[in-house]
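Make a model of the complete structure from these sequences and hints.
In order, the protein sequence lines correspond to chains R and A. Going by my numbering, the first sequence opens with residue 1, and the numbers climb by one from there. Going by my numbering, the second sequence opens with residue 1, and the numbers climb by one from there.
Simulated from the structure, these hints should not be mistaken for lab results. Hints are not guaranteed to be accurate.
Claimed, not checked - Under the rule of at most 20 Å between Cα atoms (straight-line distance), these lysine to aspartate or glutamate pairs were calculated in the DMTMM-like manner:
| hint | chain 1 | residue 1 | chain 2 | residue 2 |
| --- | --- | --- | --- | --- |
| 1 | R | K363 | A | E8 |
| 2 | R | K255 | R | E481 |
| 3 | R | K430 | A | D33 |
| 4 | R | K96 | A | E8 |
| 5 | R | K363 | A | E24 |
| 6 | R | K96 | A | E24 |
| 7 | R | K235 | R | D340 |
| 8 | R | K430 | R | E420 |
| 9 | R | K363 | A | E19 |
| 10 | R | K96 | R | D340 |
| 11 | R | K235 | R | D471 |
Model, not experiment: these values are computed from the prediction.
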Amino acid sequence: MAKELTRWTASEMAQAVAAGEVSALEITDAHLERISDVDTDLHAFLHVDADGARAAAQTVDQLRAKGQLPSPLAGVPLALKDVFATEGIPTTCGSKILQGWRPPYDATVTRRLKDAGVVILGKTNMDEFAMGSSTENSAYGPTRNPWDYDRIPGGSSGGSSAAVASYEAPLAIGTDTGGSIRQPAAVTGIVGVKPTYGGVSRFGLVAFSSSLDQGGPFARNVLDAALLHSVIAGKDPRDATSIDAPVPDVVAAAKGEMGDIKGLRVGVVTELQGDGYQPGVLARFEEIVELLKSLGAEIVTVSCPAFEYALPAYYLIAPSECSSNLARFDGMRYGLRAGDDGNNSVEEVMSLTRAEGFGDEVKRRIMLGTYALSAGYYDAFYGQAQKVRTLISRDFERAYREVDVLISPTTPTVAFPIGERVDDPVAMYKADLATLPSSLYGGPALSLPAGLGDADLPVGVQLMAPVQRDDLIYRVAASIETALLDKWGGPLLDQLPLDAAGSVAQGVSHGG
Amino acid sequence: MPSLSSGEVAHLASLSRLELTPDELARYGAQLDVILGAVARVAEVAADDVPPTTHAVPVVNVTRPDVVRPSLSVEAALSGAPATEGNRFRVPRILDEE
Numbered sequence: 001m002a003k004e005l006t007r008w009t010a011s012e013m014a015q016a017v018a019a020g021e022v023s024a025l026e027i028t029d030a031h032l033e034r035i036s037d038v039d040t041d042l043h044a045f046l047h048v049d050a051d052g053a054r055a056a057a058q059t060v061d062q063l064r065a066k067g068q069l070p071s072p073l074a075g076v077p078l079a080l081k082d083v084f085a086t087e088g089i090p091t092t093c094g095s096k097i098l099q100g101w102r103p104p105y106d107a108t109v110t111r112r113l114k115d116a117g118v119v120i121l122g123k124t125n126m127d128e129f130a131m132g133s134s135t136e137n138s139a140y141g142p143t144r145n146p147w148d149y150d151r152i153p154g155g156s157s158g159g160s161s162a163a164v165a166s167y168e169a170p171l172a173i174g175t176d177t178g179g180s181i182r183q184p185a186a187v188t189g190i191v192g193v194k195p196t197y198g199g200v201s202r203f204g205l206v207a208f209s210s211s212l213d214q215g216g217p218f219a220r221n222v223l224d225a226a227l228l229h230s231v232i233a234g235k236d237p238r239d240a241t242s243i244d245a246p247v248p249d250v251v252a253a254a255k256g257e258m259g260d261i262k263g264l265r266v267g268v269v270t271e272l273q274g275d276g277y278q279p280g281v282l283a284r285f286e287e288i289v290e291l292l293k294s295l296g297a298e299i300v301t302v303s304c305p306a307f308e309y310a311l312p313a314y315y316l317i318a319p320s321e322c323s324s325n326l327a328r329f330d331g332m333r334y335g336l337r338a339g340d341d342g343n344n345s346v347e348e349v350m351s352l353t354r355a356e357g358f359g360d361e362v363k364r365r366i367m368l369g370t371y372a373l374s375a376g377y378y379d380a381f382y383g384q385a386q387k388v389r390t391l392i393s394r395d396f397e398r399a400y401r402e403v404d405v406l407i408s409p410t411t412p413t414v415a416f417p418i419g420e421r422v423d424d425p426v427a428m429y430k431a432d433l434a435t436l437p438s439s440l441y442g443g444p445a446l447s448l449p450a451g452l453g454d455a456d457l458p459v460g461v462q463l464m465a466p467v468q469r470d471d472l473i474y475r476v477a478a479s480i481e482t483a484l485l486d487k488w489g490g491p492l493l494d495q496l497p498l499d500a501a502g503s504v505a506q507g508v509s510h511g512g
Numbered sequence: 001m002p003s004l005s006s007g008e009v010a011h012l013a014s015l016s017r018l019e020l021t022p023d024e025l026a027r028y029g030a031q032l033d034v035i036l037g038a039v040a041r042v043a044e045v046a047a048d049d050v051p052p053t054t055h056a057v058p059v060v061n062v063t064r065p066d067v068v069r070p071s072l073s074v075e076a077a078l079s080g081a082p083a084t085e086g087n088r089f090r091v092p093r094i095l096d097e098e
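Right under this line is the structure:
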């Protein structure tokens with residue numbers, strides 16, 4: 001029997017559409033059906049735009065008939081994180097304060113996807129304003145991990161990772177501020193990439209921490225991620241921080257056209273392993289290092305002492321920027337307004353609106369950032385964190401004089417149980433231990449499946465490269481992926497527990 | 001290690017424009033103490049002569065010619081407003097009562 005449509009890779013779907021073997025509408029309908037089958041329990045989507053998706057697919061089919069397919073991903077469905085503005089389509093950022101808001105414009109990422117003929121199925125769940133590592137901070141309830149419905153799918157882009165891992169969509173867009181693409185990819189067994197900061201436009205991406213936020217792709221394989229990366233990346237005049245230089249050729253790198261990894265120098269970071277990392281995570285990581293050696297890479301141990309301070313620096317810088325960015329949610333121009341009874345002043349209405357509209361983690365971070373930026377504390381907290389950021393960048397630059405790429409586990413542990421860390425913010429923050437350094441430095445980083453670890457759950461390995469060398473992480477990832485496919489006889493996701501009907505089971509311990 | 005008094009937590013909430021209940025103030029205050037304890041470690045790093053990084057990738061100001069470009073219509077700009085009056089956002093009173 002032919003492989004079910006939703007199991008195809010994005011490239012296979014696009015090629016079949018281009019060849020006229022299957023219509024974009026058939027592909028879209030198959031995914032909409034899949035969503036209606038599994039999403040009630042999985043809860044990856046906050047909004048499914050079935051009509052819009054079908055119309056977009058029909059447009060692609062018409063263009064194909066005229067021989068005018070707009071991109072190598074035309075006709076491929078995608079799940080979009082609900083932090084990107086979509087004209088006329090609800091955009092909540094996982095927050096009550098934006099419930100019902102329909103933006104009057106498209107984010108640049110949204111616009112580029114539409115122009116490329118990518119079919120946007122809907123908007124995915126997330127930690128409120130992208131603050132979190134588990135998607136439990138969504139005002140609309142948690143998303144579940146397809147590998148075990150009692151566990152988190154990572155965060156903050158957990159809806160996007162769950163959608164791709166459960167075959168609701170072959171592609172998704174997330175955002176990564178401190179690890180919010182890489183960590184969800186790791187714990188759901190898929191590929192996720194944080195491009196170089198400035199590689200992808202932030203116009204229309206609702207801001208959390210402007211000097212760190214970066215949109216990027218999720219996919220079930222390296223080439224699909226590269227194809228999506230190349231659709232969304234590139235200079236945007238509407239984002240002054242977007243890089244005005246050619247986008248690294250990530251597609252050629254993912255196809256192996258830029259060479260294999262013989263002789264490539266791979267640095268193992270001493271500070272990103274050991275204490276706090278689960279044995280199963282470290283075991284898979286060491287296997288990948290051995291694999292790289294067997295493929296001809298030269299393994300070098302490097303030390304980056306400032307990385308020890310990435311977590312405290314990040315949890316000062318990001319909340320500081322968030323306290324400033326989220327000041328725009330004042331109940332005046334869009335979103336919720338509370339307490340406007342004719343007596344309360346504008347300041348009272350703002351405070352009541354924000355108290356009602358924001359959840360716990362957002363309130364905590366706004367207060368933390370307000371503290372770190374206040375007179376008397378600024379130098380000791382925010383100022384010092386920015387200096388630590390410089391030291392972290394210097395560690396990267398020193399390392400990249402000796403090696404081409406760096407490697408580490410993506411996360412210290414496999415997916416943890418829903419509820420385990422909600423009352424312990426610092427424990428939650430530790431999920432980002434290994435992803436924070438490259439966020440602060442700004443270089444590209446990628447997570448790809450390394451196998452199963454503790455509790456038979458996915459483990460990810462992280463590749464990092466110098467600023468604007470996104471091609472390098474795809475090149476190394478493609479080599480690892482090819483070798484692992486050979487070893488496993490198929491993608492890691494094939495090991496996702498199946499139910500009797502042959503589709504992905506509704507979670508191993510669902511209802512437990 | 002910093003430790004926030006209940007007065008300081010209330011002041012922070014007020015600066016943050018968050019109308020919090022006494023329960024929330026107590027809970028967030030305790031959590032902020034723990035978080036501040038964890039992040040205060042940045043002070044251990046000797047960095048007196050290190051310049052701060054404000055942005056990952058060096059950027060300079062970007063300018064464009066000051067010409068009118070198409071923008072949102074009034075209807076579109078007001079479409080998400082909690083309250084409007086005529087072609088404007090309607091807001092609560094901005095002055096305190098005397």
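Q. Which hints, by number, does the structure contradict?
A. 4, 7
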